[in-house]
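**Student:** Going down the list, the sequences are from chains A and B.
One point on numbering: in UniProt numbering, the residue at position 22 of the first sequence is 22, and numbering is uninterrupted.
One point on numbering: in UniProt numbering, the residue at position 136 of the second sequence is 136, and numbering is uninterrupted.
Don't read these hints as lab results, they were simulated from the structure.
Among these hints, one or two may not hold up.
Derived DEER-like restraints, expressed as beta-carbon distance ranges [said to hold, decoys possible]: (1) T165(B) with P159(A): 17 to 27 angstroms; (2) A64(A) with R74(B): 38 to 48 angstroms; (3) G104(A) with T160(B): 23 to 33 angstroms.
Which chain A residues face chain B? A few, computed with CB under 10 angstroms, are given here [unchecked claim]: (4) R71; (5) E75; (6) E78; (7) T79; (8) G103; (9) A114; (10) L116; (11) M118; (12) P119; (13) Q133; (14) A183.
Glycine residues also receive a C-beta, built at the ideal position from the N, C-alpha and C atoms.
Protein chains: 2
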Amino acid sequence: MNVVIVANAPSLRLDPYREMIAGADLVIAADGGANALVEAGFRPAIVIGDLDSLGATRLALLAADGVEVRRFPREKDETDLELALLHAVAIGATHIDILGALGGRWDHTFANVAMLAMPELQGRQVRLIDERQRLFLVRDQALLEGQRGDTLSLLPLTPTVCGITTRGLFYALDDATLHFERARGVSNILIDPPGFISLREGLLLVVQHDDCGAFQFAAGIEPC
Amino acid sequence: MNVVIVANAPSLRLDPYREMIAGADLVIAADGGANALVEAGFRPAIVIGDLDSLGATRLALLAADGVEVRRFPREKDETDLELALLHAVAIGATHIDILGALGGRWDHTFANVAMLAMPELQGRQVRLIDERQRLFLVRDQALLEGQRGDTLSLLPLTPTVCGITTRGLFYALDDATLHFERARGVSNILIDPPGFISLREGLLLVVQHDDCGAFQFAAGIEPC
Chain A
1 MNVVIVANAP SLRLDPYREM IAGADLVIAA DGGANALVEA GFRPAIVIGD LDSLGATRLA
61 LLAADGVEVR RFPREKDETD LELALLHAVA IGATHIDILG ALGGRWDHTF ANVAMLAMPE
121 LQGRQVRLID ERQRLFLVRD QALLEGQRGD TLSLLPLTPT VCGITTRGLF YALDDATLHF
181 ERARGVSNIL IDPPGFISLR EGLLLVVQHD DCGAFQFAAG IEPC
Chain B
1 MNVVIVANAP SLRLDPYREM IAGADLVIAA DGGANALVEA GFRPAIVIGD LDSLGATRLA
61 LLAADGVEVR RFPREKDETD LELALLHAVA IGATHIDILG ALGGRWDHTF ANVAMLAMPE
121 LQGRQVRLID ERQRLFLVRD QALLEGQRGD TLSLLPLTPT VCGITTRGLF YALDDATLHF
181 ERARGVSNIL IDPPGFISLR EGLLLVVQHD DCGAFQFAAG IEPC
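In isolation and in its complexed conformation, chain A is listed as follows:
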């Protein structure tokens, strides 16, 4: 089951994601994410959160339109996005794409990325997506899809990540260790898609984006 969650990043525009949203089995709005959905002509199946970012009129209209509204108290332990993720897990989501979770306050963005490490998400494909990049977590192994020339940064979310081996990347890793505080994995390049990555221990964040400029430095690779 493919779920799209729309969170509440400021100035979120959903035009680039029309196909993704229309193709989802279920669309969940985390609180104010419903604003961007309604303004783009979509209707979430569920709105979840403390709902402090939604006007009363809009909320009433959504409810009248059959949207399921799940309101939590504001002083809860979970953020709206965490509640949305836990709900997606509870209904059996296998693929979760999250929009609107990057680009707001830096502490919010960081907390949203850290949520990829929730144990409940293990075994599911979960991605944070914005117009510039796609972020996902590797717990054991992953295919690295994308275009020849995509920039791929490998960022440990644990103090160390051990036994990293890659295929299809310009800077090949073979049973390598990366450390959280050292930026060794930044700006690798996908040269033979799909690439592949596996690791033995730790959690590794992959940040992937288009960046033809990377070719300037990858000798022998034709520019895209």
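For chain A, the structure is supplied; the task is to place chain B on it using the hints.
**Tutor:** Chain B alone, transformed into the frame defined by chain A:
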């Protein structure tokens, strides 16, 4: 010794930091950070990095002006900011403020924040600063300076952070544990500055910014 490092965030404007830069004992430019410095009328003492973000003319002018230029090969293990930090440590910096390290590509920002965990920085006050927020790491204890009403988010940079105790915060913690993937520490509020925080184990990132809106939810506290 107070050092200011200027990194290479896109569209960096240094006007808000004139006093900080002028008051530093030493200003280091990490590669293209020198552009923002020169454009604001400052002159770094040292430019360090692979220098791929500096034009040849500007570099020649800087060198002619007596700026120390330390050029490293592009395919190095360290990023330009990491080289600048290690240099600051080598010359005995006790306070390091880093400008221009937030707000560019998300993987760069994340890697820059993770660098706060470098063991070489232990025992020094190191802050990442932009116009919206100040980020610093707590390894054992820290004073939380700032204004009544500042938002303070507490974000673990290790899988767990144990034994967290706070003073002066709206949501008080007493020997609490925070987990990396749970956003429990987001949007606390400094109500009695200076606050204080201590912890027993782990690395805790503090993200601090002005946000009077927080008072809407902190009952009994007068709005700022």
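**Student:** Would you mind marking each hint as holding or not holding in the structure?
**Tutor:** Status of the hints after comparison with the structure:
no.: 1; hint: T165(B) with P159(A): 17 to 27 angstroms; in the structure: 23 angstroms, holds
no.: 2; hint: A64(A) with R74(B): 38 to 48 angstroms; in the structure: 59 angstroms, violated
no.: 3; hint: G104(A) with T160(B): 23 to 33 angstroms; in the structure: 26 angstroms, holds
no.: 4; hint: R71; in the structure: 16 angstroms, violated
no.: 5; hint: E75; in the structure: 8 angstroms, holds
no.: 6; hint: E78; in the structure: 7 angstroms, holds
no.: 7; hint: T79; in the structure: 5 angstroms, holds
no.: 8; hint: G103; in the structure: 9 angstroms, holds
no.: 9; hint: A114; in the structure: 5 angstroms, holds
no.: 10; hint: L116; in the structure: 7 angstroms, holds
no.: 11; hint: M118; in the structure: 5 angstroms, holds
no.: 12; hint: P119; in the structure: 8 angstroms, holds
no.: 13; hint: Q133; in the structure: 6 angstroms, holds
no.: 14; hint: A183; in the structure: 4 angstroms, holds
Violated hints for the displayed structure, listed by number in ascending order: 2, 4.
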